[in-house]
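Quick one: dock chain against chain with the hints and give me the complex.
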Amino acid sequence: MKAVLGLLAGRLAISTLVLAGVSVLIFGIARVIPGNPARIALGPNATKEQVAKLAAELHLDEPIWIQYGHFVRDLSRGELGISLYTNRPVTTDIAQFLPATLELVLIAGILMIGIGLPLGMVAAKYRGGFVDNLVRIVSLLGVSAPSFVWAVILMLLFAFYLPLFPIAGRIDTEFAIEHVTGFLLVDSLIAGEFRAFGNAMWHLFLPAFALSLSGIGQAARLTRANMVETYEKPYIEMARSYGFPAWRIARRYAFKPSLIPSLTIIGLDFAAMLGNAFLVEAIFAWPGLSRYGVAVILRKDLNAIVGTVLIISAAFLIANLIVDLLIALLNPRIRYARSAR
Amino acid sequence: MTRMALEISDLRLSFEGITETTEVLHGISLSVAPEERVALVGESGSGKSVTARAVLGLLQSQKRVRMSGRIEFEGQDLAAMTSRQRQALRGSRLSMIFQDPVSSLNPVYRIQTQFHEVLKRDDPSISLEDAKRRIRPMLSEVSIAEPDRVLESFPFQLSGGMNQRVMIAMALINEPSLLIADEPGTALDVTVQDQTLRLMRRLVERRRAAVLFISHNLGIVREFSDRIYVIHTGRIVEEGPTDAVFANPGHPYTRALLAAVPRITGGDIPEIDENPSAYEAPRVVHAPAAGVA
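Chains H and W, in that order, are what the protein sequence lines are.
The first sequence begins at 19 in this note's numbering and counts up one residue at a time.
The second sequence begins at 913 in this note's numbering and counts up one residue at a time.
FYI, nobody ran anything at the bench for these hints, they're computed from the structure.
What you are looking at is a predicted structure, and each value in this text was computed from that prediction instead of being measured.
Beta carbons are placed, not taken as given, at the ideal position from N, Cα and C, and that holds for glycine.
Do not take every clue at face value.
To be verified - The following label-pair restraints were derived from C-beta to C-beta distances:
1. W:S956 x H:L158: 50 to 58 Å
2. H:T34 x W:S956: 33 to 41 Å
3. W:H938 x H:A243: 32 to 40 Å
4. H:I336 x W:D1106: 52 to 60 Å
5. W:D1106 x H:L37: 55 to 63 Å
6. H:V36 x W:T1098: 44 to 52 Å
Unchecked claim - List time: in silico DSSO-like cross-link candidates among lysine-lysine, alpha-carbon distance up to 27 Å:
7. H:K251 x W:K1032
8. H:K20 x H:K274
9. H:K20 x W:K975
Bound conformation, chain W alone (with noise of 0.2 Å):
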């Protein structure tokens, strides 16, 4: 068998709280073989996100954290690591994308130093030309026209299309052998979103990496990924290939999830002339449970 890209097994996590402890993962095991793209769907509470820090080591080190099981990246033992080597692997072999790119980049520094920043991780002596000469090839392969003018940028002189491609480039531009997409792009609008799936998709293809993402949306998660992970109060409630969890949903809430996309009556949106009463005609519906087309 060939070695997981992440393998975690009965990861149960807890916050501490002054009087009682609140279990929010209850034993969660799930896999990523290498190059798989798998995603992990749930509604907002459900454990997903704390999952993916728990898995990026960034909970360890907090105080009111309890967490048992194991959580294997590559075969090694996380917990069996100090932090200092846990730290060594994150923006190295392992990276993240957030939800929201334009308030997850600095506001104070320019794209290139955040850029330079973090190919320092992989190279700790790279100037900032030569770190440049590697970031623009990336910039044009996000589809970056100009790659100057954003590297000289502020995060908030870019469009949130443009800071979700400089997040996408910078999270791969070290090749990790695994990426954690953390609802990439729920901050952006619809169609750019789409459109930065898209380029996130063929971009882990051509580096081979390994994906983890992180997902409410089932429309988006059967586009991007082969297999499926259903996370429900911190347990997983149904997994499989993409195909066979939406032709057949087994569990109750992966039926509710599948109910809640959101799907257009009649194909396009329709035309509506200058009617008023039409106006009021819902255009949005949602379809009824289960078998979703």
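If we strip away everything but chain H, and leave its shape as in the complex, we get (with noise of 0.2 Å):
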């Protein structure tokens, strides 16, 4: 536990370094964009003194090293500046829009893992067989569509012509959740609202079946080629001498040893959904961070931007940091490496 801690605060402090990199270079390149936010945020119907002023107010018409001071000043209050588009606070903004998508990444990727990995061990269970060839074929179809062509097909399948889920929203309006967290799953249990718990987890599960298909596709492949290796093993055939059952054998002996090379991509994948939500909240009119910022960066709103990519960094950073844990955990050898030393 001791060498997991350490592992952990190694990784906190890799980090917040890398988080500081990110935030340099996406100011540099949000500024480098062409076109003056304060013109677009005003209009073409706004004065060139009126322009002037608003980008002297946003410290625009200072060298960009200044600005960035500016932007570490604000970070140390706990502050992102405002927003040109919304005219809020972008923390408000963020506080608003992150859980909404949050919530959708993570149910996306508890489909993924909770389909993806036992359809990969099924396969590789029947490496050959019938079963295999339909996993196969069916985890190629999701990897190889992008999610928002499964979010119209889902959409209009289960949402339009069979009106078996809600085609849009996050909950039904005649449901008032006094608002502590932002996560709907989360509040509605708090307010013991089991329905209205319900009813938002209605609402997720098509958007965020779209959006895990091509992980759940990705996970099937990756668990069934480590498994079929696993299975070639010499520790496997040891396992089937002892006569130990077959299906005891997939799970214990192969799977095992075979997740850890997995593990990687699908935290990978996972943190790559927070992207890739995007199109997913546009067709589902989901109210989430990831449509936030596209439309942030169509305004050319800088704060907004700097945000939102140092939010999103920070989920890749979060994420990849629980699958090391994982590992770390998974992996004796890893383990035992650290406390070696």
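Put into structure tokens, the structure is as follows:
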């Protein structure tokens, strides 16, 4: 456990450095994009003086390193500036939109792991057989079509032709849930409104499933490939020679060692869903951070862009951190190599 | 006549390819009496490992494998059993030791977990603590001085020799009546291999298990086994008590195998001083064919 905590501390330090680097990068890039943010915000009818005044308010007339200094000063107070798009503090916007996206991505991630890994395991157990081929075809479909295509197809099939699921939104308007965390699933449980929880879940399912399909395919294919390789290892033959049942061998002896290489990719997939969520959010009218991010980029809303990118980078880093910890827990070699030092 | 621990008669085995079928065993017959140590000797690809896996019933479920002939284990025909019955024999009445101990133990589980699983084959409800209580004396029998440290370890934390001993202990803990040893310790260095083989010999004698010992190394076979079968390209070419085969090898292939046993000339490893030209003189030579001492 001490070794794992040490690993965690080291990773956190590195993550902070990476985040600082990302902030410099995105700060620079956002300002290199052509177009004057003040002009875009005020529209074509504003006078030159009005534009210059707003630009001065936003410190846009100062050299970029001074601007960065302002940004760091704000950040140290826990502020990210005012969004030109919503006219509210960027932190408020993020607090409003982030929970919806996280909820979506978390459920999609659970679907990815809960469906993808078992599919891969079943395929590997019946490798070369009918079930294997079926899983491989299905997972290939999942990987090869982008999530927004699935979003449209699923919406047409299961919300429009067969109205099993709602077409848009996070929850029906009849439910008024008190805002505590912003996560509807959590808030509805806090309020003890189980019908609202069910309703929110019902709204979540299609977008989360559409978002997770490529991840499911990826996880299934990866798990299958790693397990098929593991099945050739001497320790599997040894397990067979001891007469362990075939399913036990699949679950315990072949799956666990194969999980370690799969986890890294699954963690990255998980984080990548934050970005992929945008089109799914757009299609299902999901009021999430990815939609917000694209809207602010199109309006060159500098403060909001930097804030959104920082939050998404932080989510990436956290996802990677969790994966590293899981790998350390699963793989005794890593765990013990660390404590030996 | 006493019931044989293992009796194979006219075993033929072939692998089906896409266009043709390759027969790898062309009618093998051999027998192992209870408590007898029998060696099956041959070069790589001669069919010895395939024979071992057929006895364990690991090949019968493969689609590409065609088998005929009889394999009787303690008088029961393996082919007449269901795969579930064969599975029940493995790990309890019948066990196997593999070539490379390090890669044959699962890398992500502690030794105690793997041992526990093996004991569950015999007694499905055994707890980890009870299992450990049974494992500790077994480990000291294979000269492991700190059983608890070893039990807590993962295979990669132990040396090859340690892993080999763990594997021997694992194979024998359920008191099998037949142990199949497939080139045990070939992946280890010669001294460690020698030590572990001595341990294994002592253990099987004490537990009165029969052994089918598979090897390409006649030197080891000579020390270990009562009887020898020489297998060549899927056929048994010679059989007999170990001493007789060594004293008077009948088949040319046996003589070639005997000639391939490396010997150190002049007894011990010679002293070599710092003279570079002496390093070039061969220290190990192949003996002339036949009549190996």
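Against the structure, the hints come out as follows:
For S956 (chain W) and L158 (chain H), the Cβ-Cβ distance of about 39 Å falls outside the hinted range of 50 to 58 Å, so the restraint is violated. Checked against the hint of 33 to 41 Å, the pair T34 (chain H) and S956 (chain W) fails, with Cβ atoms roughly 56 Å apart. Separated by about 37 Å at the C-beta atoms, H938 (chain W) and A243 (chain H) satisfy the suggested range of 32 to 40 Å. The hinted range of 52 to 60 Å is satisfied by I336 (chain H) and D1106 (chain W), whose Cβ atoms lie roughly 54 Å apart.
Distance hint for D1106 (chain W) and L37 (chain H): a CB-CB separation of about 58 Å, consistent with the stated range 55 to 63 Å. The hinted range of 44 to 52 Å is satisfied by V36 (chain H) and T1098 (chain W), whose Cβ atoms lie roughly 48 Å apart. Taking the CA atoms of K251 (chain H) and K1032 (chain W), the gap is about 23 Å. The hint holds against a cut of 27 Å. A hinted pair counts as satisfied when its Cα atoms are at most 27 Å apart, and K20 (chain H) with K274 (chain H) qualifies at roughly 23 Å.
At most 27 Å may separate the alpha-carbon atoms for a hinted pair to count; K20 (chain H) and K975 (chain W) exceed this at roughly 49 Å.
In the structure shown, a violation is registered for the earlier hints numbered 1, 2, 9, in ascending order.
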